[in-house]
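Enquirer: These are the residues of each chain, in order.
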Amino acid sequence: MIYDEPRFLPGGDKFIEMELGDEMSFDCNFLVHSVAALIRQAKIKGIVELVPELSTIMISYDGDQISFADVVREVGALRRSIGSLEDQELDSRLIYFPVLYVDPWTRACYDDYCAKIAKKEWDPELLVRVNNLANLQQLIRVHSGCEYWVAALGFWPGLASHMPLDPRCVLTAPKYNPPRTWTPKQAIGVGGGLCAIYPDQTPGGYQIFARTPAPIWEPTQTLPAFKQSLALFRPGDRVRFVPVDREEYDYVERKVTEGTYQHVVSDFQKFSIKRYHAWLATIDPKERF
Amino acid sequence: MISVIKPGLETSVQDWPGRIGYWEQGFPPSGPFDSWSFRLANVLVGNQPGEAGLECQFMGPTLRFERAAIIAVTGAEMNPTLDGAPLELWASHVVKAGQILALGPARKGARSYIAVAGGIDVPPVLGSRSTFHMAGIGGIEGHAIKAGQTLPVGESKSVPGRRVKPAARPTIGESRVWQIEAVRGPNDDWVDEAAHQRFVSVDWKLQARSNRTGYRLDGPEWTFTPRATNKRPEHGEHPSNVLDHGYPVGTVNLCGQTPIILVVDAPSTGGFINPYTVPSAAFWKLAQAKPNDIFKFNLVTVDQAHELRRAIDRLCTPASLE
Amino acid sequence: MIEVLKPGLETTVQDYPGRKGCFGYGFAPSGPIDHWSFRLANLLVGNPVSAAGLECQFIGPTLRFGRDAVIALTGADMGATLDGTALPLWQSLTVYTGQTLVLGAARLGARGYIAIDGGIDTEPFLGSRATYSMAGVGGLDGGALKAGQHLPLGAPRRIAGRRVRAAARPSIATDRQWTIEVVPGPNDDWIDETGQRRFLESEWKLSARSNRVGFRLEGPEWSFADKAIHKAPEHGSNPSNTIDHGYPIGAINLCGQTPIILVNDTLTLGGFINPYTVISAAFWKLGQSRPNEIYRFKAVTVREAQALRREIDALCGEASLEPT
Amino acid sequence: MIFAEPIIAPGGDRFVVVYFGDDAAIELNFLALGLKAALAEAGLKGVVDTNPCYNSLVIEYDPDALDYDDLLRELRALAAALGPVDTLELSSRLAYLPAMYLDPWTKEAIEDYCKRVKPREFDPAFVARLNGLSDVKQLVRVHSGTEHWVISVCSLPGLPLLRPLDPRCLLTSPKYDPPRLWTPPNAICTGGMSTSIHTLRVPGGYNLIGRTPVPMWQATQALPIFKDSVVLLRAADRVKFVPIDLEEYHDIEARVNEGTYAFNVTNYQRFSVGAYRA
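Chains as they are written, first to last, in my numbering: chain A, 1 to 289; chain B, 1001 to 1322; chain C, 2001 to 2324; chain D, 3001 to 3278.
Hints listed in this document are in silico derivations from the structure and should not be mistaken for laboratory results. Each residue gets a CB set at the ideal place from its N, CA and C atoms; glycine is no exception. Do not rely on the hints blindly, as some may be mistaken.
Here are the computed lysine-lysine pairs in the DSSO-like style, where the Cα-Cα straight-line distance is at most 27 Å [claimed, not checked]:
#1 C:K2205 - C:K2298
#2 D:K3137 - D:K3115
#3 B:K1290 - A:K185
#4 D:K3137 - D:K3175
#5 B:K1096 - B:K1157
#6 A:K255 - D:K3115
#7 B:K1157 - B:K1108
#8 A:K255 - A:K227
#9 B:K1096 - B:K1165
#10 B:K1205 - B:K1108
#11 B:K1205 - B:K1146
#12 A:K286 - B:K1205
#13 D:K3227 - A:K274
#14 B:K1231 - B:K1108
#15 B:K1146 - B:K1296
#16 D:K3107 - D:K3045
#17 C:K2020 - D:K3227
#18 D:K3118 - C:K2020
#19 A:K185 - A:K175
#20 C:K2227 - D:K3137
#21 D:K3118 - C:K2231
#22 A:K286 - D:K3137
#23 A:K227 - A:K119
#24 D:K3045 - D:K3118
#25 D:K3137 - D:K3107
#26 A:K175 - B:K1157
Label-pair restraints from in silico Cβ distances [unchecked claim]:
#27 C:N2292 - D:D3064: 52 to 60 Å
#28 D:T3087 - A:R73: 37 to 45 Å
#29 A:Q41 - B:T1213: 27 to 35 Å
#30 A:E5 - D:G3043: 21 to 29 Å
Assemble the whole structure, with the sequences as input and the hints as a guide.
Expert: Written out as structure tokens, the structure reads:
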């Protein structure tokens, strides 16, 4: 549910968690980003940083410049100033990622986990079973069948939580228990109802079943997509996965290594909430691609 | 310029307050863990408190100064020597070109800080020189220093022979028991009253698997309120699971039954609850604690946490020198 | 119900004005080419002018009636007989169950129209029963009639004994010469003065390779204005090439040196210029002309074209009928 | 070039054509589509239909309901009210179309042409060579690497005329001469600077590069997507081709035939011309 009145919870002396609701939904997340944008715009003295998440905003503040009570009062007023979000239209980039599904690298990682940590069902097969899909082919179709909303950034530089915008493409999965100690860089995984691209060779808990040759962050800022920022994603972005074969994967990887790969980005559209809701009403969520 | 002869266990370039403004993109603040000792080291050599210096963890480095410098060492006791002669902590010293500064294992405390007049002059990344080794950014090539590397030093005019008044220094006790302040929240309503009682009454032991990312604690089982046990399915099955949300730095993050204090290099978001948060004023204690040390938590209010922080801030100035 | 015994050369179900408002889907309007004769046929049997009837091209069909009906034949003279008895054109006639209507080859004109009271009741597609053969939609199974098919009919009206006053009928001349009105444009400025004069002063022969999509014309060479020769390369290299644009119905589309009049089943877009457009009031002449007949074109203004159309529209009303 | 004032020319007594410029700059199509939308919005009585193309808009009107001079005046006013092209925002759906490039069916059509009409280079290789691409693989990459803009749906039922929105993905090629005798339905082909998807088995002049298993229109309206419209695409929609293999092609084709195929079309965004040009 989305709360009428947000909750403000202390996180020590430097942080306040603003809880706007307790559900994972596009609407709640969109409210989060709308409030975050308002807070940034308001340039309230003493508010240092924000981490907007699925249904919460973590606010970092400087207690010498603003008190806890004043943050609550000012940010609370901003939340109340937001009426219906239905008429909102926002600039929203759409970024396409070439993806090799059921790739050898996530398989090798899985084998390593089974050998060293614990035996488990192979991730793609687990996803097929848990989501009642016919086969791996359908897993690919469903996963690549919709746009994903960049719901939150964080946890790791460049990492984003992607939420499927099409209810027909929702995949759920339990997380690894215990977590993996390593994950192939740019592996794609699903955990809970979210999807993520691993920006680097990090530990992880999502079920992994695909890999993209296109990086999502680059500290050297060589590729054109990273000229402005080390990290690719911004809130409000959308992502679409395009299945490719091994040959194409290798080709893109070569371009990345050469420093000439150009991410495929459409940055000329406005995302309309009203249209999205209208479109959702035409969708049969039980249908699968 | 300083040459690294031995790097120590994990010595990194840090600045204070670290990398601020990129948290949303997943970059933690990093910076010195015990910022009290770190800032005083800078103040001793005439730097701004935030200038880049070295954080030495558990075992310090051996460094050769290629040109004369003024330095100070603070924090944990690692028996620093200059060309073999013991070097006093909490004071500023002249180092001549060619002299060798050597730090050993930490005898008391865990993290020692070396400040050099002029600061370590590596290029800032996203506004900070702090090393965030997991992402390979900041510091020297993004990682802890390695033998054979050289550390550039900025220009400065400074004077030696200053000392931090004993009253202005953090005191590292002998007991290996730490009284750590904690503020309730943000998710204190997810654990039940019994758990709250337990949290402040039992001893929590710092596990060896702890680092600048997180401090794992051993202790009793946790118990939960209905909010944690009856919730929407997207939060996850376990009572400690919650919809992914932002993590305050210092928060006591409950992963299943394991509390992990998320510290300077911690992830910014995740899907576990945070019933308590260690305020910034207690970070120096975390930094100086060693594995198997005991933590006892004292609850403070947000206002008290602010007061404690201000008290330390007031000490990190030239007024604390003599 | 009507049973198709012989389909004729290319007999299709059409309605007026055809499939309108569907350019965005890629559909031409279809409908009867000689909509004057078509509408009068409907009026004779008491139908609204928009009811679906048959367009018979060059050779008409043989049909057996499964119910009593009132029919009317208009347009080209195809020597119609009912159970062997010759039938007059432009008149409503009663046909009884089991009788057979036979149309032969067109003796004068090219397209005969058959209206039946109640109209042909096939399934409409995008709001029209007009057949569009290329896409296989409308009419009966999307194509011209075939032997053995059955045409469903609407409720009978049984209004017989009327005819169209002679003055209200289109009159098909026997000299095989036609004057076709055109409005210059949209791309008349691509043709030079000489070419424009030549177009209006020359005789143009209707090619045998003409159908409901386009009427090809044979005549002199075209010459072009500067605009057609010096243009951005994306227009194409031939002077008649332009960047793809939409085609008005009736446009005289210049493909290289061949003008093609785009008629009811045309493609709705393409990359050739349209220097002139045949007006809707002249479409009945297109519909009734036969290969090798001669066209002369007469330029009129938009206003004049609209006035001519209103004259025909005015004739397509009850006032044009009289009792037999 | 964008004309300072659009040229409006008559097309007989029931049509006018509005030309926004004299080249194929995509902005001219945005203007044509902007005018089309503005006309629909204005609800002008007597406008029967509109048909946009690269730089023009054909308007069919009923002269009994709408006077010619009034129409011209309205069109000029509406065109002027469009303002600078950068301010336009157009409703634009995005359709993901599975595409099997270098498929066996278009190959067969090309081979048949070579045998019966005259030999020619294999179309994809021909297009790749003309556009300086290293190989057909690169052609596939370039062609599927951009969203394509639907300039118009025209000529044949449901047939979209497409051009790439990413100018780096523009492919140009001459058309067949003489034209091909037949084209497999749902063939994806390029000619001039456009791509189209043939909807019927008809002759054609564009170069064949692939085939989609999904129909662009369906008279029976059996598939759910066609419930409200017999045609899949509209002008101002966008198409992104997603390369698939033969197995996936057959799988999708089977679901199309069963009537269970779910089209992948999103309709929650507006196309911002200003953002595109920036």
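Enquirer: Give a verdict on every hint.
Expert: Each hint tested on the structure:
1. At roughly 15 Å between alpha-carbon atoms, C:K2205 and C:K2298 fall within 27 Å of each other, so this suggested pair holds.
2. Taken as a hint, the D:K3137 and D:K3115 pair is honoured in the structure, with Cα atoms around 26 Å apart against an allowance of 27 Å.
3. Taking the CA atoms of B:K1290 and A:K185, the gap is near 33 Å; set against the 27 Å cutoff, the hint is violated.
4. Distance restraint check for D:K3137 and D:K3175: the Cα-Cα separation of roughly 21 Å lies within the 27 Å cut-off, and the hinted pair is therefore satisfied.
5. With a C-alpha separation of about 15 Å, the suggested pair B:K1096 and B:K1157 falls inside the 27 Å cut-off, and the hint holds.
6. Proximity of A:K255 to D:K3115 is assessed by CA-CA distance (about 40 Å); at most 27 Å being required, the pair is judged violated.
7. For the given pair, B:K1157 sits about 32 Å from B:K1108 by alpha-carbon distance, which is inconsistent with the 27 Å threshold.
8. Pair hint A:K255 plus A:K227 holds up; C-alpha atoms about 16 Å apart against a cutoff of 27 Å.
9. Of the supplied pair hints, the one linking B:K1096 and B:K1165 holds, its CA atoms being roughly 26 Å apart against a limit of 27 Å.
10. For the given pair, B:K1205 sits about 18 Å from B:K1108 by alpha-carbon distance, which is consistent with the 27 Å threshold.
11. With a CA separation close to 32 Å, the supplied pair B:K1205 and B:K1146 exceeds the 27 Å bound.
12. With a C-alpha separation of about 50 Å, the suggested pair A:K286 and B:K1205 falls outside the 27 Å cut-off, and the hint is violated.
13. Between D:K3227 and A:K274 the CA atoms are separated by roughly 22 Å; this keeps the pair inside 27 Å, and the hint holds.
14. For the suggested pair B:K1231 and B:K1108, the alpha carbons sit about 46 Å apart, so the restraint of at most 27 Å is broken.
15. The straight-line distance between the Cα atoms of B:K1146 and B:K1296 is roughly 36 Å, outside the 27 Å bound, and the hint therefore fails.
16. The straight-line distance between the Cα atoms of D:K3107 and D:K3045 is roughly 49 Å, outside the 27 Å bound, and the hint therefore fails.
17. About 19 Å separates the Cα atoms of C:K2020 and D:K3227, which keeps this hinted pair within 27 Å; it holds.
18. Between D:K3118 and C:K2020 the CA atoms are separated by roughly 40 Å; this puts the pair beyond 27 Å, and the hint is violated.
19. Of the supplied pair hints, the one linking A:K185 and A:K175 holds, its CA atoms being roughly 18 Å apart against a limit of 27 Å.
20. Among the hinted pairs, C:K2227 with D:K3137 is inconsistent with the structure: their alpha-carbon atoms are about 40 Å apart, more than 27 Å.
21. Under the criterion of a C-alpha separation no larger than 27 Å, the hint pairing D:K3118 with C:K2231 is inconsistent with the structure, at around 31 Å.
22. Between A:K286 and D:K3137 the CA atoms are separated by roughly 36 Å; this puts the pair beyond 27 Å, and the hint is violated.
23. For the proposed pair A:K227 and A:K119, the alpha carbon gap of about 42 Å is over 27 Å, so the pair is violated.
24. Distance check on the hinted pair: D:K3045 and D:K3118 sit about 52 Å apart at the alpha-carbon level, beyond 27 Å; violated.
25. Note on D:K3137 and D:K3107: the hinted pairing holds, with a Cα-Cα distance of about 16 Å set against a maximum of 27 Å.
26. Taking the CA atoms of A:K175 and B:K1157, the gap is about 56 Å. The hint is violated against a cut of 27 Å.
27. At about 36 Å, the CB distance of C:N2292 to D:D3064 disagrees with the hint of 52 to 60 Å.
28. Evaluation of the 37 to 45 Å hint for D:T3087 and A:R73 yields a pass: the beta carbon distance comes to about 39 Å.
29. Between A:Q41 and B:T1213 the beta carbons are some 33 Å apart, a value that agrees with the proposed interval 27 to 35 Å.
30. The beta-carbon spacing between A:E5 and D:G3043, approximately 44 Å, falls outside the hinted interval of 21 to 29 Å.
Hints 3, 6, 7, 11, 12, 14, 15, 16, 18, 20, 21, 22, 23, 24, 26, 27, 30 from the list above are not met by this structure, while the remaining hints are.
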